Amino acid sequence: MVDLQFDCGTHAPVFLYEVQPATSPLKVVMRKGKELKGRIVDGQGVPIQQTLLELQMAQSDRWYQRREHTDRLGEFRFRISEPPSGNSWLLNYGGKVFTIDYNQITPETIVELRINVQMSLKKGGPR
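Counting from 0, one number per residue, gives the positions in the sequence shown under numbering that gives the first Met the number 0.
Simulated from the structure, these hints should not be mistaken for lab results.
This structure is a prediction, so every number in the text was calculated from the model and none was measured.
A hint or two may mislead.
[Said to hold, decoys possible] Distance windows between CB atoms, simulated:
hint : residue 1 : residue 2 : range
1    : His68     : Arg113    : 16 to 26 Å
2    : Ala21     : Arg113    : 48 to 58 Å
3    : Leu25     : Trp62     : 17 to 27 Å
4    : Ser23     : Thr50     : 38 to 48 Å
5    : Ser23     : Glu111    : 41 to 51 Å
6    : Pro106    : Cys7      : 42 to 52 Å
7    : Gly93     : Arg71     : 30 to 40 Å
8    : Glu107    : Leu25     : 13 to 23 Å
9    : Met29     : Leu72     : 26 to 36 Å
10   : Pro83     : Val110    : 33 to 43 Å
11   : Val110    : Tyr16     : 40 to 50 Å
12   : Glu34     : Lys121    : 36 to 46 Å
13   : Leu120    : Met29     : 19 to 29 Å
14   : Asp100    : Leu3      : 18 to 28 Å
Positions of the beta carbon are idealized from the N, C-alpha and C atoms, including for glycine.
Start from the sequences and build out the full structure, keeping to the hints where you can.
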């Protein structure tokens, strides 16, 4: 038996589990699913452009991963399907992982990641 993943960015990913190799032909139906929309902004609300984030979901024997960059407005979009029982979509940005509740995603939902990065320069050498 094998597990299969199908993904084309315009439709939600499809996961098939425990498919028998002798199963032929195999019919896979791609659906639009839901669109996970969001934006990444700094502490003052300024969009973070061209930054990489990743959509993930744990599978029984591998990870599903799709990477995207934010656009000039700091916005991103992913197509998502209802996760299998016991699984959740995860949004990974800057080493932090956020769980996405599929049931709370509506056409009006926008996920906003607000980051606050500070840097200061100090005189003196390494300590």
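Item to check | Structure-inconsistent hints, enumerated in ascending order | outcome: Per hint list: 6, 7, 8, 10, 11 and 13 violated.
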